[in-house]
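Asks: Chain by chain, the residues:
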Amino acid sequence: MLKELITPQNANVFVGKLGDILYKAVDQPLGMAINWGRMWSLWPVHIETACCSVEFGAASSPRYDVERFGIIEAFGSLRQCDLVVVQGTITRKMAPRLRLVYDQMPEPKYVIAMGACAITGGLYFDSYNVLPGIDGILPVDVYVPGCPPRPETLIQGCMLLQEKIKRMKAR
Amino acid sequence: MSTAETTPPPKATPPEKVEASAPSFEKSFIDQITNHFSDDVEVEYIKENRTRVNVKKEKIIDVAKFIKDNTPFDHAESVTGVDFPEDKEIGVIYHLGSYTDPAYSKQVLALATRVPREENPNPGNDSTKLSSLREIFYSVEFHEREIFEMLGVYFEGHPDNRRLLLPEDWADLPPLRKDFTNKGR
Amino acid sequence: MTDKLIPTKQMPPGLQVDQVDDRIMTLNVGPQHPGSGHMRIIVRIDGDYIVDADPDPGYVHRGEEKMAEARNYILNIPHLERPVIHDSCNILYPYVLGVEDLVGIEVTERAKYIRVITAELNRCIYIQYWLAIYGIFLGHSTMFMWPAGDRELLIDLMEKITGARVTHSYFIPGGVRNDVPANFEDVCLRQVNYFEKRIKEYADVFYDNPILKARTEDTGVLSREDAIRLGTTGSVLRASGVDYDVRVKEPYDVYDDLDVHTNVLKAGDSYARSKIPWLDMIESCNIIRQALEKMPKSGSIRTKLKPNPKGKDEEVYRRVESGRGAAGCHIISKSKPEPYRLKLSVGSFRNLIALPYLLKGEKLGNMPAVYWSLNYWPVEADR
Numbered sequence: 001m002l003k004e005l006i007t008p009q010n011a012n013v014f015v016g017k018l019g020d021i022l023y024k025a026v027d028q029p030l031g032m033a034i035n036w037g038r039m040w041s042l043w044p045v046h047i048e049t050a051c052c053s054v055e056f057g058a059a060s061s062p063r064y065d066v067e068r069f070g071i072i073e074a075f076g077s078l079r080q081c082d083l084v085v086v087q088g089t090i091t092r093k094m095a096p097r098l099r100l101v102y103d104q105m106p107e108p109k110y111v112i113a114m115g116a117c118a119i120t121g122g123l124y125f126d127s128y129n130v131l132p133g134i135d136g137i138l139p140v141d142v143y144v145p146g147c148p149p150r151p152e153t154l155i156q157g158c159m160l161l162q163e164k165i166k167r168m169k170a171r
Numbered sequence: 001m002s003t004a005e006t007t008p009p010p011k012a013t014p015p016e017k018v019e020a021s022a023p024s025f026e027k028s029f030i031d032q033i034t035n036h037f038s039d040d041v042e043v044e045y046i047k048e049n050r051t052r053v054n055v056k057k058e059k060i061i062d063v064a065k066f067i068k069d070n071t072p073f074d075h076a077e078s079v080t081g082v083d084f085p086e087d088k089e090i091g092v093i094y095h096l097g098s099y100t101d102p103a104y105s106k107q108v109l110a111l112a113t114r115v116p117r118e119e120n121p122n123p124g125n126d127s128t129k130l131s132s133l134r135e136i137f138y139s140v141e142f143h144e145r146e147i148f149e150m151l152g153v154y155f156e157g158h159p160d161n162r163r164l165l166l167p168e169d170w171a172d173l174p175p176l177r178k179d180f181t182n183k184g185r
Numbered sequence: 001m002t003d004k005l006i007p008t009k010q011m012p013p014g015l016q017v018d019q020v021d022d023r024i025m026t027l028n029v030g031p032q033h034p035g036s037g038h039m040r041i042i043v044r045i046d047g048d049y050i051v052d053a054d055p056d057p058g059y060v061h062r063g064e065e066k067m068a069e070a071r072n073y074i075l076n077i078p079h080l081e082r083p084v085i086h087d088s089c090n091i092l093y094p095y096v097l098g099v100e101d102l103v104g105i106e107v108t109e110r111a112k113y114i115r116v117i118t119a120e121l122n123r124c125i126y127i128q129y130w131l132a133i134y135g136i137f138l139g140h141s142t143m144f145m146w147p148a149g150d151r152e153l154l155i156d157l158m159e160k161i162t163g164a165r166v167t168h169s170y171f172i173p174g175g176v177r178n179d180v181p182a183n184f185e186d187v188c189l190r191q192v193n194y195f196e197k198r199i200k201e202y203a204d205v206f207y208d209n210p211i212l213k214a215r216t217e218d219t220g221v222l223s224r225e226d227a228i229r230l231g232t233t234g235s236v237l238r239a240s241g242v243d244y245d246v247r248v249k250e251p252y253d254v255y256d257d258l259d260v261h262t263n264v265l266k267a268g269d270s271y272a273r274s275k276i277p278w279l280d281m282i283e284s285c286n287i288i289r290q291a292l293e294k295m296p297k298s299g300s301i302r303t304k305l306k307p308n309p310k311g312k313d314e315e316v317y318r319r320v321e322s323g324r325g326a327a328g329c330h331i332i333s334k335s336k337p338e339p340y341r342l343k344l345s346v347g348s349f350r351n352l353i354a355l356p357y358l359l360k361g362e363k364l365g366n367m368p369a370v371y372w373s374l375n376y377w378p379v380e381a382d383r
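Residue numbers (the working numbering), protein chains in the order written: chain A, 1 to 171; chain B, 1 to 185; chain C, 1 to 383.
The shape of chain A in the complex, shown without the other chains (with noise of 0.2 Å):
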């Protein structure tokens, strides 16, 4: 019967529509799963680079508890993390450093701009040493604006992280 079904006319559309059965039944859920994961298990790197790391280590304490979002900020090994928290003030002497964790990190990768001085360099615009804004050496994915921003919207600002991971392609 199959056969009969499948002549050399037709035999690209049923192709076609196999593809088509395959990624509804299986590579969309398979993408979907994925993204869960990486969503619910983001490790940052363990790199403070100016004065809004406060917040961040204010983000992990028992009462704004990040942890709970699988966000755990204790990994040694930057090439085990997915995710840079760029906080606060990047100045000259510390952009290529970045840079260099940022190219060490495997894909998929993830970069969170906080505080005014990652967006456009904020309170320190017109010094010497201080480069305005980030978006110049790193592909921003959320700016969690604050000065420094709270750990309330930092979290805000992950989770934002959260629902862009869920619509991105898996792989």
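These are computed hints drawn from the structure, not numbers from a lab.
There could be a bad hint or two in this list.
[Claimed, not checked] DSS-like mimics (lysine-lysine), calculated; alpha carbons at most 27 Å apart, straight line:
no., chain 1, residue 1, chain 2, residue 2
1, B, 106, C, 312
2, B, 27, B, 68
3, B, 106, C, 363
Keep in mind that this is a model prediction, so the values were computed, not measured.
Dock chains B and C against chain A, hints included.
Replies: Chains B and C only, in chain A's frame:
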């Protein structure tokens, strides 16, 4: 008593003479310094617990050694560098404090000197040089390195005159000079 | 010299790789490291022992002093408090006292008491965060969670007064910005009593802990003569046997009316340096209670300045005891609304010189314990 190069620019209030206003406690160590060095220093009593000694840059090592050995001031708290482009000089001020003697714990002695300043600085190779006080007050090591990179004053005798805070590829004027301005200011 | 490994001409300056010698290896304990903070330390090691340590600060150097020359005395307040955002009152204090001397205004009694209370609260908030990061460096995660959680009690108090968790911008020349809320004294007293009860529990969990003692006792010993000669300040000095606290020796605002006891330990090792800030916190709670009792119940809290205040043509140098040590501010003014030169002399920068001195001969594993015990906040030292 004062020499022309080291007098700071005249202040709005008339400079008070040491004999008239210094209370007896500060007078004791002020007199020690003036009696030993007579013409080379100018000692002023600014206000309570703050005294200032102006020296020429050639005599700074002798004065500092004298202060360390004969008065209870035993460490340098901070070192400030100031740029005076109108006088064509750069001032370096050491603030000295005392930890060992409880009677001197409020006193801060400011040891001030000036070095000549050039229009196009070449840090390390021009006339803006000063003898380092590191052998006498060890705590000035990192402060002097910072003044070297921020103002271009080379400290002779300092083992390690290199950058501390600025990026390694800084190729501009020393930042704290008045001719270097931040963008837009 | 280094062509065997990586062609160093391609790497930007500061990131070049050194040759591996026969015995001595150069390691970067760099800005991205769980045990280094915002600083790099270039250590040269022979096996497990450190031969030479070279600190490389400046990763957060934002040019505060240059920026201060272009802004007037009031506009300088927000950016001058950012070197230590959670201890912002203590780092603004010498600046505010200096400007008051220059412009010539008197502060009311109630404002002085409020300043003392907020300065002591900020000192506790800073020391708790320092203890928390010390826990991370030593791998003791309870030592991160407990202080980080307990300091939120005091941050709530600061938020009630000033409206912000950190970087309050609360002190201005002439007093403080706004008054404390209505029944603040009772709330503060209750909160501080509970806080003191909590931190007294640290004695058993942290300071009697055999692992902490084994890691920090007898490492990085700083003798009394060396502490004086190196010009160290704050808890590093008091842990080596020198009795010096600016609040007692040169009292400012109302500290001469309050009873401040200085804690001194004689051992000079990392364990003593980690214990002195905790004792200072308990002392701060006593100071806050005394100040709450003695504070005048009503009164103005701010002396209005003329618009665009100009300083006199003179210099001032004022000192204050901050969480890290004696913080000083040297202002040279020339009858203009902006300062001619503003220099912040901060406790962290003064203690930095002890780092290469103490690390020679230490094992590499002891480096985080010694380095952070020097009460060093890298953002402040870079200004």
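Asks: Evaluate each hint against the coordinates.
Replies: Hints versus structure:
1. 106(B) with 312(C): holds (24 Å)
2. 27(B) with 68(B): Distance of about 17 Å is within 27 Å: holds.
3. 106(B) with 363(C): The given pair, whose Cα atoms are some 39 Å apart, is violated under the 27 Å limit.
Checked against the numbered hints given earlier, this structure breaks only hint 3.
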